[in-house]
Amino acid sequence: GLAGKEGKTWKRFQSYKGEAGLPREVEAMRIFVDRKAQTIVLPIYGFAVPFHINTIKNVSKNDEGEFTFLRVNFQTPGQLAGKKEDTPFEDPDATFIRSITYRSADGHRFDHLSKQITELKKEVNKREQQRKEMAD
Amino acid sequence: MTTQFDGIYHGTSSEVGKLRIAASGMAWRGEEAGEVTAIPSANIKWAQWIRVARNYQLRVGHKDQKEQNGKDTKPKDLKRDVFDGFAREDHDKLAHLLKQHFSIVLESKEVSVKGWNWGVTDFQGQELAFLVSNKTAFELPLTTVANSNIAGRTEVSLEFAVPADKKQSRHPPDELTEIRFYVPGTHTKERGSEA
Numbered sequence: 001g002l003a004g005k006e007g008k009t010w011k012r013f014q015s016y017k018g019e020a021g022l023p024r025e026v027e028a029m030r031i032f033v034d035r036k037a038q039t040i041v042l043p044i045y046g047f048a049v050p051f052h053i054n055t056i057k058n059v060s061k062n063d064e065g066e067f068t069f070l071r072v073n074f075q076t077p078g079q080l081a082g083k084k085e086d087t088p089f090e091d092p093d094a095t096f097i098r099s100i101t102y103r104s105a106d107g108h109r110f111d112h113l114s115k116q117i118t119e120l121k122k123e124v125n126k127r128e129q130q131r132k133e134m135a136d
Numbered sequence: 137m138t139t140q141f142d143g144i145y146h147g148t149s150s151e152v153g154k155l156r157i158a159a160s161g162m163a164w165r166g167e168e169a170g171e172v173t174a175i176p177s178a179n180i181k182w183a184q185w186i187r188v189a190r191n192y193q194l195r196v197g198h199k200d201q202k203e204q205n206g207k208d209t210k211p212k213d214l215k216r217d218v219f220d221g222f223a224r225e226d227h228d229k230l231a232h233l234l235k236q237h238f239s240i241v242l243e244s245k246e247v248s249v250k251g252w253n254w255g256v257t258d259f260q261g262q263e264l265a266f267l268v269s270n271k272t273a274f275e276l277p278l279t280t281v282a283n284s285n286i287a288g289r290t291e292v293s294l295e296f297a298v299p300a301d302k303k304q305s306r307h308p309p310d311e312l313t314e315i316r317f318y319v320p321g322t323h324t325k326e327r328g329s330e331a
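Note that the protein sequences, when read in sequence, are chains A and B.
Just so you know, we're using our numbering here: the first sequence kicks off at 1 and counts up by one.
Just so you know, we're using our numbering here: the second sequence kicks off at 137 and counts up by one.
It is worth saying that the hints were derived from the structure and are not from the lab.
Please read all numbers here as calculations on a predicted model, not as lab measurements.
Hints are not guaranteed to be accurate.
[To be verified] No farther apart than 25 angstroms at their CA atoms in a straight line, the calculated lysine-lysine pairs in the DSS-like style are these:
#	chain 1	residue 1	chain 2	residue 2
1	B	LYS271	A	LYS17
2	A	LYS36	A	LYS57
3	A	LYS36	A	LYS115
4	B	LYS245	A	LYS17
5	B	LYS154	B	LYS181
6	A	LYS132	A	LYS11
7	B	LYS235	B	LYS154
8	B	LYS271	A	LYS36
9	A	LYS11	B	LYS271
10	B	LYS245	B	LYS229
11	B	LYS215	B	LYS271
12	A	LYS132	A	LYS36
[Stated by the list, open to error] Ranges of calculated distance between the beta carbons of each label pair, as one might list FRET restraints:
#	chain 1	residue 1	chain 2	residue 2	range
13	A	GLU119	B	LYS154	38 to 44 angstroms
14	B	VAL152	A	ARG109	19 to 25 angstroms
15	B	LYS229	A	LYS11	40 to 46 angstroms
16	B	LYS271	A	PRO23	16 to 22 angstroms
17	A	HIS108	B	THR138	43 to 49 angstroms
18	A	GLY18	B	VAL241	18 to 24 angstroms
19	B	ARG306	A	PRO23	48 to 54 angstroms
20	A	ARG109	B	LYS229	53 to 59 angstroms
21	B	ALA174	A	ASN125	49 to 55 angstroms
22	B	VAL152	A	GLU64	30 to 36 angstroms
Even glycine gets a Cβ: it sits at the ideal position worked out from N, Cα and C.
Given the sequences, and given the hints that come with them, work out the whole structure.
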């Protein structure tokens with residue numbers, strides 16, 4: 001994750017270098033998991049907006065009637081109530097996106113997406129953990 | 137002389153159509169419903185070029201009523217039309233046409249693809265823009281905000297009206313229903329507690 005053990009270190013990350021890096025699939029204006037870029041691309045009013053997996057905390061899914069809702073929760077400062085805030089941020093005074101929620105009639109697809117995102121998050125966390133152990 | 141661009145969308149609609157540009161103005165016609173959106177050359181004020189989900193977008197700003205016919209206008213009358221689906225290579229051709237027919241410059245607007253969830257919100261007319269490193273990450277049309285909420289002193293949520301299904305397409309886009317912002321700048325931070 002973002003948390004650095006040795007004090008307030010913030011590791012810079014970036015989804016794409018330029019707009020040409022956006023994958024073709026974003027054209028469908030649907031949530032897309034780009035594993036190679038470790039990024040989730042969200043459709044927001046015609047824009048294809050990438051979010052690096054490091055910005056994502058978790059996803060939650062729930063069914064309401066004929067629709068399924070998928071909420072993407074992001075890492076933000078001031079979230080860890082009661083805990084010592086040890087997650088560094090490049091600019092803690094910026095405005096942060098805390099969550100974005102989508103609706104779909106296709107519950108299976110949202111189920112699949114939710115698993116994909118959770119898997120990617122796990123993978124990246126694991127790799128980060130290994131990196132830290134190697135460094136010790 | 138008329139120049140035609142195929143595979144162009146109007147607004148966020150899924151209907152594909154053609155955009156034609158001539159000295160008299162520009163017009164988009166949808167291939168399914170056949171409806172026409174026309175902007176006469178006298179109404180065209182500005183044009184922008186920006187990368188969106190469906191490749192590149194042409195935005196056309198309208199002149200207000202006063203500029204068009206001398207009558208006074210309210211700010212809400214200011215309008216723009218957006219057309220998605222242009223290829224990157226269309227830029228130069230489009231820039232040339234707009235210059236030639238309407239004497240306007242096609243401005244390029246840069247987008248952020250950094251993948252960050254922090255930035256600055258900026259009200260731009262009817263839109264709330266989210267900027268990352270001074271580049272647009274996305275814009276929210278405020279006219280579609282159905283409800284907004286302030287939770288505590290640092291969280292703002294916006295709920296969006298999801299359009300009722302006109303017709304169920306085979307591959308409908310995912311519908312944004314809510315976005316929540318954390319705005320730490322609005323309260324006094326406790327400093328020195330971790331020193």
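Now the hints, each set against the structure:
{"no.": "1", "hint": "LYS271(B) with LYS17(A)", "result": "holds (13 angstroms)"}
{"no.": "2", "hint": "LYS36(A) with LYS57(A)", "result": "holds (19 angstroms)"}
{"no.": "3", "hint": "LYS36(A) with LYS115(A)", "result": "holds (16 angstroms)"}
{"no.": "4", "hint": "LYS245(B) with LYS17(A)", "result": "holds (16 angstroms)"}
{"no.": "5", "hint": "LYS154(B) with LYS181(B)", "result": "holds (21 angstroms)"}
{"no.": "6", "hint": "LYS132(A) with LYS11(A)", "result": "holds (13 angstroms)"}
{"no.": "7", "hint": "LYS235(B) with LYS154(B)", "result": "holds (20 angstroms)"}
{"no.": "8", "hint": "LYS271(B) with LYS36(A)", "result": "holds (24 angstroms)"}
{"no.": "9", "hint": "LYS11(A) with LYS271(B)", "result": "holds (21 angstroms)"}
{"no.": "10", "hint": "LYS245(B) with LYS229(B)", "result": "holds (17 angstroms)"}
{"no.": "11", "hint": "LYS215(B) with LYS271(B)", "result": "holds (22 angstroms)"}
{"no.": "12", "hint": "LYS132(A) with LYS36(A)", "result": "holds (22 angstroms)"}
{"no.": "13", "hint": "GLU119(A) with LYS154(B): 38 to 44 angstroms", "result": "holds (42 angstroms)"}
{"no.": "14", "hint": "VAL152(B) with ARG109(A): 19 to 25 angstroms", "result": "holds (23 angstroms)"}
{"no.": "15", "hint": "LYS229(B) with LYS11(A): 40 to 46 angstroms", "result": "holds (43 angstroms)"}
{"no.": "16", "hint": "LYS271(B) with PRO23(A): 16 to 22 angstroms", "result": "holds (19 angstroms)"}
{"no.": "17", "hint": "HIS108(A) with THR138(B): 43 to 49 angstroms", "result": "holds (46 angstroms)"}
{"no.": "18", "hint": "GLY18(A) with VAL241(B): 18 to 24 angstroms", "result": "holds (23 angstroms)"}
{"no.": "19", "hint": "ARG306(B) with PRO23(A): 48 to 54 angstroms", "result": "violated (21 angstroms)"}
{"no.": "20", "hint": "ARG109(A) with LYS229(B): 53 to 59 angstroms", "result": "violated (37 angstroms)"}
{"no.": "21", "hint": "ALA174(B) with ASN125(A): 49 to 55 angstroms", "result": "holds (54 angstroms)"}
{"no.": "22", "hint": "VAL152(B) with GLU64(A): 30 to 36 angstroms", "result": "holds (32 angstroms)"}
Figure legend: structure checked against the earlier numbered hints; hints not met, in rising order: 19 and 20.
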